[in-house]
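Undergrad: Produce the entire structure from the sequences given, and follow the hints as far as they go.
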Amino acid sequence: MSRARTAGLTGLASAMLALSLQAPAAAADKVELGDVQQAMTNVAKTAGVVGAIGEVYVDGKRMGQGTAGSRLLDGKGGRIPPNSRYRIASQTKLMEAAIILQLVGEGKLSLDDKLSDVLPEMAEHDYVDRAAEITVQQLIRHASGIPDFMESGKFDVFDFTTVYKPIDLVKAARTVPRQGDPGQYRYSTTNYVLLGMIIEKVTGHDRAAEFKRRLFAPLGMKHSYLATKVSDQIKGPHGHGYHPDAKGVPRDVDRLNATIGAEGAISTAHDVSAFYRALNQGKLVPSDLQRQLPRPFPELCGGTVSSASGGMPGINSVTFSSTDGRIQFAVAATLKIDNEKAMAVGDAIKKAAEAVLCPGR
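Under this note's numbering, the very last position in the sequence shown is 351; numbers go up by exactly one each time.
Among the hints, erroneous ones may be present.
As the list claims (entries may be wrong) - Straight-line C-alpha distance at most 20 Å; calculated PhoX-like pairs for lysine-lysine:
| hint | residue 1 | residue 2 |
| --- | --- | --- |
| 1 | Lys326 | Lys66 |
| 2 | Lys341 | Lys35 |
| 3 | Lys104 | Lys161 |
| 4 | Lys144 | Lys155 |
| 5 | Lys326 | Lys35 |
| 6 | Lys51 | Lys273 |
| 7 | Lys202 | Lys191 |
| 8 | Lys202 | Lys219 |
| 9 | Lys225 | Lys212 |
| 10 | Lys144 | Lys219 |
| 11 | Lys191 | Lys104 |
| 12 | Lys326 | Lys237 |
I should point out that these hints are in silico values taken from the structure, not numbers from a laboratory.
Keep in mind the model is a prediction, meaning the values are calculated, not measured.
TA: Given below as structure tokens:
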């Protein structure tokens, strides 16, 4: 199977989740916003996009929404409901990092804990090379040097039947040559597969339960859940994404094998905005641990807005959030191209955010 067909499962390294935690800009009671509908219309015109939805929130209140393109391929199915669910892809990693840091804050885990101590089987069975050197902090920061399991070539975008356990993904990563030492940055979803295993080991609960207990329930994210099944479809009306097969023909990937990877959160613009609002306002992670979150993307609007993004087969989702946590703009674009060809979509979404969040610039 070609790398082009597999790369989308874990998202692009360049689309790595990110969030700014710098000092907030001065708050203003009145927020000037651009036209969300026009912004989505522009995104939907981008080559490879099937449909696009977006909503903007200020202090938790929706101040604009838009939808353009279509729910299904070739203009079929009508518009995507702007409040529908979608896969947030690599944004799931930031949620997982927040849970890990909560456990650290509770004294149940340490950033300096070695992988071989937290998950002894990784060293005992040689599932992870140099497990005795790798720390929890390095896993969070993609600085473990552990290869990405997708590079093994063992996983198929269109496999909706094979059930994989997290350890299967870790074993697959072991077959890929290491390309960095512990302490060196190298984006790899395997880090977050291992962090998910650590969450389950430390809490005694599965990841889905901890996501619900620690994030979704307390933040009122009533329409969010963590997909965990081999053939998980999104609940309720939503946009369908497509991914080209070996012949380049777009195939519906509305259902994806959620046992491949660590990026299974499904959410809405409302819910994902609630997450970033709480995170930026210091309500989820202890203040002394916030700097451990993944590094920020270059910011928009004069340094007052940052982004968190993710890509999977058929979807590119981005959430922009002001550093003071007041404003969020959540966008999801369904695709009919693979993520390696979707750079222009990311550029279009960024332009949409600039038009909506900093219209006077």
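Undergrad: Now tell me if each hint is right for this structure.
TA: Hint check results:
no. : hint            : result
1   : Lys326 - Lys66  : holds (14 Å)
2   : Lys341 - Lys35  : holds (13 Å)
3   : Lys104 - Lys161 : holds (19 Å)
4   : Lys144 - Lys155 : holds (14 Å)
5   : Lys326 - Lys35  : holds (13 Å)
6   : Lys51 - Lys273  : holds (18 Å)
7   : Lys202 - Lys191 : holds (17 Å)
8   : Lys202 - Lys219 : holds (16 Å)
9   : Lys225 - Lys212 : holds (12 Å)
10  : Lys144 - Lys219 : holds (19 Å)
11  : Lys191 - Lys104 : holds (14 Å)
12  : Lys326 - Lys237 : holds (13 Å)
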